[in-house]
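**Q** The residues making up each chain are set out below.
2 protein chains.
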Amino acid sequence: MKRTPKHKPPGPDTIDAFVRIVGASHAIRDEAEMAPYLVEWRDRYRGKAALVLKPGDASEVSSILKLANETMTAIVPQGGNTGLVGGQIPFESGHEVVISLERLTHVRDIDLASNTMTVEAGLTLAQAQAVAASAGRLFPLSLASEGSAQIGGVLATNAGGTAVLAYGSARELALGLEVVLAGGEVWNGLKSLRKDNSGYDLKDLIVGSEGTLGIITAAVLRLFPKVAEKVTCMAGLDALETAPAFFARALERAGPALTAFEILPRIGVEFVLRHGQGTRDPFPSPHQWYALFELTSPRDDALLAPLAEFLLARGIEAGEIADAIVATSLSQSEALWRLRELMSEVQKEEGGSIKHDIAVPVASVPEFVARANRLVELMIPGARPVPFGHLGDGNIHYNVSQPPGMERAVFLANWEALNAAVHEIVLDLGGSISAEHGIGRLKRDLLPHAKQKIALDIMRKIKAAFDPNNILNPGKLL
Amino acid sequence: MKRTPKHKPPGPDTIDAFVRIVGASHAIRDEAEMAPYLVEWRDRYRGKAALVLKPGDASEVSSILKLANETMTAIVPQGGNTGLVGGQIPFESGHEVVISLERLTHVRDIDLASNTMTVEAGLTLAQAQAVAASAGRLFPLSLASEGSAQIGGVLATNAGGTAVLAYGSARELALGLEVVLAGGEVWNGLKSLRKDNSGYDLKDLIVGSEGTLGIITAAVLRLFPKVAEKVTCMAGLDALETAPAFFARALERAGPALTAFEILPRIGVEFVLRHGQGTRDPFPSPHQWYALFELTSPRDDALLAPLAEFLLARGIEAGEIADAIVATSLSQSEALWRLRELMSEVQKEEGGSIKHDIAVPVASVPEFVARANRLVELMIPGARPVPFGHLGDGNIHYNVSQPPGMERAVFLANWEALNAAVHEIVLDLGGSISAEHGIGRLKRDLLPHAKQKIALDIMRKIKAAFDPNNILNPGKLL
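From first to last, the protein sequence lines are chains A and B. Take 90 as the starting number for the first sequence in the working numbering and just add one per residue. Take 90 as the starting number for the second sequence in the working numbering and just add one per residue.
Rather than coming from a laboratory, the hints here were simulated on the basis of the structure. Treat the hints with care, since some could be wrong.
Identical copies go unnamed one by one, so any copy, or any two together, can satisfy a pair.
Taking lysine-lysine and the BS3-like style, the derived pairs with C-alpha atoms no more than 30 Å apart in a straight line are [to be verified]: (1) Lys95 to Lys319; (2) Lys542 to Lys155; (3) Lys444 to Lys315; (4) Lys550 to Lys137; (5) Lys95 to Lys137; (6) Lys315 to Lys97.
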């Protein structure tokens, strides 16, 4: 399979024809005005585009793709531009056309008996949550970037977050999709069914395909009962090794009431205490690790606090945890969550940070961290690993802060070598080199090493079946 | 796309070569011995085969497919032979080779911290449930045929059952697969990860593909906490119209504790009372409809009965239900479930039955039943609809018993015409013509009418990408 995209730069007539589809007021040709669509928010990727188009509905997206397919114009679909792997940013050629879905913001339907809502791709995740809440329901997907991230992008990247443990990732939360395919055909897969065994599962194939198989224009999303009671707990652990057993204990007893289970290392908490405003050490004495977990219920029958206390008492008895807190007020709960939420941000204050978004089986998390930490010390003595994240999903953000005093650029020069070595451990443990963030541009060249050849072959054939002219987000993912 | 399979009848040398792969003692060439593999259990489909092969591991399955692909031999994968749409039965040509996965029964791994088990395709569903139970966990998928149905077939058909409401169907319960592809390549997708965004979702594409894209040889399955407390309830309803509101009420309050929600019509209950041994009318006076639902919890804290009573009291107040029972003993619970479990079987005693396995959005179930019932009365006056099943999934088994006294064959001659008319209503309501059972042979020719052309086109391209010689279960599904 050739990697060279077949696409061509759009000529002036083609550009005019694209503009006519959406109307001049919804097309951006000016380079300065295009800028916000061409830079990734952390400024890690910068590209150029021939044009930014803001279609108003699926039918305009269809006309754009039909023309793009006929003229071999490469298309970069973009949602809220919050992606972390560069999938939403065009390359530097300036030949690509960015399609922003931001104007597709209708809520098409809410069905309370079926517990579904049908929303368009440009609605932000926070708006979708608000729509659900105003209908007395919960849309559980929640991410740091939810104020900007759009439903289309969330689905195209199969976004995760802290509620995957109980509710699943974006894929599991979407029952149906409306998708514009490469030739401009609109696939109406907007089913709101829990059971549909009438043919291949195109929905799940398109979710997570990062805009390379089609452009999602609307989705049927699952709704859940509102949370009426919530208890946040934190446990202090002497070692990470006992965390999976304590997690398994909590899950066994709490079942679906266990809606989040995160881990934080002492060094990360210290970073937060050092740089995060108004934060304080959760326990009188420090612990090597912290487990932050949450129990929720659709009923307000005050049963979660006793359940939490039972779990924590048993965990202490079993030697799995050393100390524990049950937040008794909303502000105490928020203070505990703040330690977790600031964990990414405060790492900037400690200099350069080399990041990994990986998953391994839950039981293998301690082994992964131990092996990766040893490796870091060998490769970059003095570098400070800050592994944290979603233990309940085996999804660890294995971030490594630079040794104090080292030149930032010198440290960051190790990025690719460290990634490669850490990914070896991940693959050895049956893990994934991209748990949540996707492949995009960042990890495209790592994929052939991480995936079995036959899996990549099949993926390439699927891509060719959907998009024979390779106009959809070429050079991303595959 | 040509429908004519490209496959050829295997000659004597090819047959010998197939036999050598598995060894003579695991190959059946004798027609009489092959018989159990060639007949569907209800005797609705009968076929012929050149050979039945019982490979002992994935590597033998690989060798078989490699040879089949080279010799253009058509392959029919078979699990427990419990399918309801003929997908597992060869055609009448006698040119196909049946591969039974029955010898692949190893439990490769159980990981309690990660809550997963890795099992081979030939394990029966009941055995898989037992493996989980003996490890102190629940594997929630449950079906009438679980004693014979095998994990491979369960996944190949994305089986559902009564626990989909809380736990999802087979697709949602499998985290990873090992699959032998048409060319004999073994795709090792046995990941036990909740989060993996490293490329297209091949796992979900293969689940539900009915043996047309590859042969599943092993799977990583999700485990859940054991059920410690269970309460079964039945409500009597004056009309189906109020059932979705009562279901929504129950779900809103009980959340994930609501693990089943079924509906039964009065006529079905009467059939059960007439033909089912030791059954009795659940309420002092009859109701038009019955809702049978179950609350479960991983804790035995006696909270479910009060919750059930609360839900039922509110349902009565709101006029959604007319009367209610909370089973206070295991035998009472079993008696209620027996009314549901006998519902299929007793229909045989009432003469011919024309069946539909459909899903519509939950909110549309009453409209579907009303429209379908009117249609039945117009098309076959006196015929008796017995719609029952998984209201919580919008999945209704719309079965129609013949008018009393009509010639069975005369009634059954309406099968296709009635199916077609009922499916029109289903499609009009945004539903699916196959909710649980799949497409197989039974519904293959209905698919072009039920699916959008672009969806079928994409499905055919995917099939060609996976299986260019069309050797895998040709003539099924697509």
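**Q** Of all the hints given earlier, name the ones this structure violates by number, lowest first.
**A** The structure conflicts with hints 1, 3, 6, although it agrees with all the remaining ones.
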